[in-house]
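Participant: Note that the protein sequences, when read in sequence, are chains U and H. One point on numbering: in this note's numbering, the residue at position 259 of the first sequence is 259, and numbering is uninterrupted. One point on numbering: in this note's numbering, the residue at position 417 of the second sequence is 883, and numbering is uninterrupted.
FYI, nobody ran anything at the bench for these hints, they're computed from the structure. Quick reminder that beta carbons are idealized off the backbone N, C-alpha and C, glycines included. Take these hints with a grain of salt, some might be off.
As the list claims (entries may be wrong) - Derived Cβ-Cβ restraints for the label pairs, each shown as a range: (1) Glu369/U to Thr820/H: 55 to 65 Å; (2) Val863/H to Gly184/U: 40 to 50 Å; (3) Pro123/U to Gln909/H: 45 to 55 Å; (4) His572/H to Ala63/U: 34 to 44 Å; (5) Gly290/U to Thr820/H: 20 to 30 Å; (6) Thr570/H to Thr66/U: 37 to 47 Å; (7) Thr182/U to Ser762/H: 30 to 40 Å; (8) Leu462/U to Thr726/H: 53 to 63 Å; (9) Ala372/U to His572/H: 50 to 60 Å; (10) Asn445/U to Arg723/H: 52 to 62 Å; (11) His572/H to His390/U: 22 to 32 Å.
This is what each chain is made of:
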Amino acid sequence: MTRSREPRSLFDPVDRAAAEGPSRHMTREDCDALFKRIQQLSTGGGDLSVRIDSYWTGNFRWARNTPTTAGDTANHRVSITRDIRGAMGNVQTNKFDDASLSLALRTAERVIQFYGENPDSTPLPGKQEYLKPQLWSDTTYGLDAEPRSNAARALAEPSLQAKLLSAGYLEVSAHAAAVLSTTGMDAYYAETGAEFSATVRNPSGTGSGWAGVSNQDWGKIDAASLAEIARKKCVDSADPRAIEPGRYTLIMEPQAVHQMMAQAIYQLDRYAAENFNTVYTLRPGQSKIGLKVFDERITLSTDPMDPELGYIPFDYQGYPYRPVKWVDKGILKELSYTRQYALSQLGHGTPLPNPYSYRMSGGDTSIEEMIATTKRGLLVTRFNGVNVLHGPSLLSTGTSRDGLWLIENGKIKFPVKNMRFTESPMFIFNNIAQLGKPVRVYSGNPTIVPPVKVMDFNFSSLADAV
Amino acid sequence: MTSMQRETRTMRTSARALILVAGLVAAPVWSGMAQGSAPPEPDGYSKYWPGACVQAMSRSRSFYWRARQDTALYTSARDTLLDDVRRVARDCKERFGATTASLTGHDLIPLAEVLLATGDDAGAKAAVDRRLAEPDLKPVGVRAWTLAQVVNIFLDTRPARVDVARGYLRQLDALKGADAAPGQLRGWYALADYYEHVADDSAMVAASEEAIKAGKRLNDHDRKEFAGTIFNAYRNIAEAEADRTGDAAAPRKVLARASTDIGKLPRMAGSIAAWDTLYSRYGKKGATVLADVWISAQNDTLFPKAGKLTVLNFRPSRWNIPATRRLARQAGDSLDVALVYSTVGYFRGLGPLTAAAEVPEVRKYFFDELKINSSLAINETKYKRLPDGRRMPEPNVNDKAYRTGMGVSIVVLDREGIVRRIWTYWSNAYEPRIVATLKKYSQAATSSTSGSSEGRHE
Chain U
1 MTRSREPRSL
11 FDPVDRAAAE
21 GPSRHMTRED
31 CDALFKRIQQ
41 LSTGGGDLSV
51 RIDSYWTGNF
61 RWARNTPTTA
71 GDTANHRVSI
81 TRDIRGAMGN
91 VQTNKFDDAS
101 LSLALRTAER
111 VIQFYGENPD
121 STPLPGKQEY
131 LKPQLWSDTT
141 YGLDAEPRSN
151 AARALAEPSL
161 QAKLLSAGYL
171 EVSAHAAAVL
181 STTGMDAYYA
191 ETGAEFSATV
201 RNPSGTGSGW
211 AGVSNQDWGK
221 IDAASLAEIA
231 RKKCVDSADP
241 RAIEPGRYTL
251 IMEPQAVHQM
261 MAQAIYQLDR
271 YAAENFNTVY
281 TLRPGQSKIG
291 LKVFDERITL
301 STDPMDPELG
311 YIPFDYQGYP
321 YRPVKWVDKG
331 ILKELSYTRQ
341 YALSQLGHGT
351 PLPNPYSYRM
361 SGGDTSIEEM
371 IATTKRGLLV
381 TRFNGVNVLH
391 GPSLLSTGTS
401 RDGLWLIENG
411 KIKFPVKNMR
421 FTESPMFIFN
431 NIAQLGKPVR
441 VYSGNPTIVP
451 PVKVMDFNFS
461 SLADAV
Chain H
467 MTSMQRETRT
477 MRTSARALIL
487 VAGLVAAPVW
497 SGMAQGSAPP
507 EPDGYSKYWP
517 GACVQAMSRS
527 RSFYWRARQD
537 TALYTSARDT
547 LLDDVRRVAR
557 DCKERFGATT
567 ASLTGHDLIP
577 LAEVLLATGD
587 DAGAKAAVDR
597 RLAEPDLKPV
607 GVRAWTLAQV
617 VNIFLDTRPA
627 RVDVARGYLR
637 QLDALKGADA
647 APGQLRGWYA
657 LADYYEHVAD
667 DSAMVAASEE
677 AIKAGKRLND
687 HDRKEFAGTI
697 FNAYRNIAEA
707 EADRTGDAAA
717 PRKVLARAST
727 DIGKLPRMAG
737 SIAAWDTLYS
747 RYGKKGATVL
757 ADVWISAQND
767 TLFPKAGKLT
777 VLNFRPSRWN
787 IPATRRLARQ
797 AGDSLDVALV
807 YSTVGYFRGL
817 GPLTAAAEVP
827 EVRKYFFDEL
837 KINSSLAINE
847 TKYKRLPDGR
857 RMPEPNVNDK
867 AYRTGMGVSI
877 VVLDREGIVR
887 RIWTYWSNAY
897 EPRIVATLKK
907 YSQAATSSTS
917 GSSEGRHE
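Could you put the whole structure together from the sequences, leaning on the hints where they help?
Facilitator: The following block contains the structure:
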């Protein structure tokens with residue numbers, strides 16, 4: 001009787017060459033050549049701009065201690081904009097053969113037929129000067145399928161031995177962005193990215209732990225420690241007790257801080273603040289620039305050259321990102337704006353785009369010290385499903401997740417059942433007790449925030465979630 | 467401003483704001499409704515319920531907003547549906563038409579809209595009647611609101627089914643009580659809006675009066691909620707009076723009525739006062755348009771001029787230049803047209819520009835590219851800087867004389883230079899109205915008694 005062969009574990013590396021070379025991401029030369037071809041296919045005058053985004057990702061995902069997906073993907077997209085006297089047409093395609101590019105161009109030109117010239121339109125920008133951050137990591141780029149699977153196996157193993165269920169996602173990527181135009185725009189930059197997150201649950205489903213982080217450099221991600229944190233949180237959060245919802249002193253780990261502060265970062269838009277009712281609107285037609293919006297210990301800044309935070313130094317139109325302090329010592333200093341806004345309102349033509357990457361200032365209090373100085377309060381790992389309920393106040397809701405503990409008299413007493421909150425970042429970040437050291441968190445846009453202890457955080461109901 | 471105009475303005479703002487993206491992956495896949503994107507297809511959710519199909523129809527309409535502006539389609543309410551809208555509607559009907567019997571509740575009214583767009587009036591009426599027979603429509607308030615929606619869809623399709631809409635309006639009017647009043651207000655206001663766009667002022671006034679009556683039946687909460695609609699009904703009547711008399715008294719009398727009725731409701735006193743200031747300009751001599759720079763096709767530099775009708779265009783743009791050009795050409799020597807422009811510190815994305823640098827750009831645009839055949843007055847806009855760095859323009863002499871903070875677009879002055887008509891917004895539907903106004907005052911005997919002498923015109 002022939003015995004069927006054992007199925008190969010997905011943790012076992014596949015015997016094939018990793019995807020590499022030109023198929024991973026487009027080089028400067030690739031982008032220039034593509035732009036030249038599109039230019040040659042373009043007819044009818046006017047200007048032409050292309051935005052190229054070229055991604056390679058290598059990933060490994062496991063759930064319930066078992067690999068589920070692993071692979072390399074590459075996706076290259078070009079967004080073609082034709083501008084004929086202010087009438088613009090834009091089409092995207094991911095097919096780069098001549099026929100597809102021609103079709104895209106003709107489509108963009110067809111769109112223009114419906115629109116006459118627009119005197120208010122901002123013409124395509126010309127050549128810009130950019131900062132040059134260090135965003136490339138050979139360690140990240142070189143993490144092929146085999147080391148990825150080996151790393152993942154090592155991370156899942158301790159949970160397996162402890163009879164816990166682990167899940168995780170490991171991704172490394174390379175991204176090249178280019179904006180090239182007949183008006184002289186000539187931007188190209190490439191970056192690497194890495195992210196890792198691990199969730200560990202117990203078989204009875206009563207305990208859950210999570211840890212994760214993103215970074216340009218895989219070498220700076222201590223995945224083993226993160227996996228261990230997730231495992232420990234799972235154990236420590238098992239069999240939670242229900243406590244009464246209400247206002248608590250809350251120690252938020254950095255991931256939770258980011259989840260609340262991100263809502264405020266998304267709203268940093270000057271036109272919206274002056275013309276609609278956003279959280280930065282003082283009164284119709286006037287923003288809160290110059291006014292205190294957060295605790296004076298909070299400074300929110302962004303800088304493509306920040307060695308821990310760096311990001312591609314231009315936006316989707318090719319306008320350069322520049323260092324900016326949105327909030328300085330609690331006072332709103334700047335809101336993002338477009339070139340059109342700059343021209344019409346500020347008397348200059350330099351836009352201030354928002355990269356959504358930010359650094360939040362912190363303090364020197366460790367989470368342990370925050371706990372030790374708390375008479376009664378809660379410690380939360382992160383939140384889930386954070387949604388804004390009311391734009392003008394940023395009142396938001398969501399639930400705690402992956403570990404919530406009661407603190408009494410400076411000590412963690414026991415895990416508590418998750419709760420839903422109804423709270424605004426504008427309230428809690430004006431009600432800060434202590435701030436910790438800022439660290440990178442798990443986020444699509446590079447983000448550095450500290451752990452924060454806030455007073456009177458409003459948990460509004462129990463949530464039947466792990 | 468009618469709701470349709472407001473809607474159109476919002477649409478324009480949104481279109482400018484949105485990022486222009488259309489998808490093209492394996493084959494062209496359209497998405498979005500923004501300026502610069504491609505026409506939408508009935509895809510995504512519209513495969514699953516007729517309401518989304520109707521949204522796709524609306525997106526098709528809004529996509530062609532500029533085309534409509536240029537060709538005066540849609541704004542007149544007398545045209546037919548655009549091909550793209552029909553195509554989407556046909557597609558929707560194919561998806562849902564055969565399963566009409568299985569659709570219930572909120573799907574029936576969108577289905578009626580789809581059927582109307584494909585010319586299936588009987589099917590549309592049957593869908594509406596089925597909806598009206600459903601038990602959840604028994605409460606008067608819900609029924610009234612649904613009937614108002616029904617009135618709207620029969621007026622909103624092309625050509626508008628006015629008789630059918632009026633039939634449902636009768637059903638709506640038969641409902642009793644304050645709960646029915648919001649629906650009745652909206653229903654009658656929709657009819658007034660339609661008549662405004664087909665330039666039937668007497669019917670517009672009658673429908674607006676009915677809307678006002680419905681407004682009086684609202685409870686206190688709803689009166690605050692719908693104060694704007696009630697005011698717009700009054701303003702329809704005031705506009706009709708302004709058009710009829712070309713004088714201040716009649717429209718201001720209507721505003722006085724409005725003030726008595728709704729003046730104490732939130733924000734209404736300010737709106738009424740602003741329009742009252744605007745109407746106070748009627749029947750008075752228009753001030754001479756002054757400019758830092760005059761650029762003239764005819765070498766004329768003073769407007770208005772005695773003995774000629776005058777059109778002042780305070781918002782010269784590509785939207786109204788073709789109509790302005792036609793007016794100037796058709797009226798010949800009997801009409802003077804002036805475009806009145808204030809510098810803004812940039813032009814067509816160029817900037818920052820000084821006033822001296824902006825003028826040649828403005829000149830090039832209007833004369834060389836838009837080929838205007840009228841005079842162009844350009845004033846440098848003085849401004850202050852707010853503490854947050856924003857430029858705060860100050861009204862210039864022409865703004866103070868004519869615009870009064872109301873965003874005036876077109877002003878018509880008679881042969882004695884007396885203000886006879888002011889439009890605060892441009893729509894191509896206004897062109898025939900402007901032509902009619904010019905015709906009226908070109909034929910009218912000059913009346914030296916109707917104007918005051920407070921203007922600076924000599």
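Participant: Looking back at the numbered hints, which does the structure fail to meet, lowest number first?
Facilitator: none
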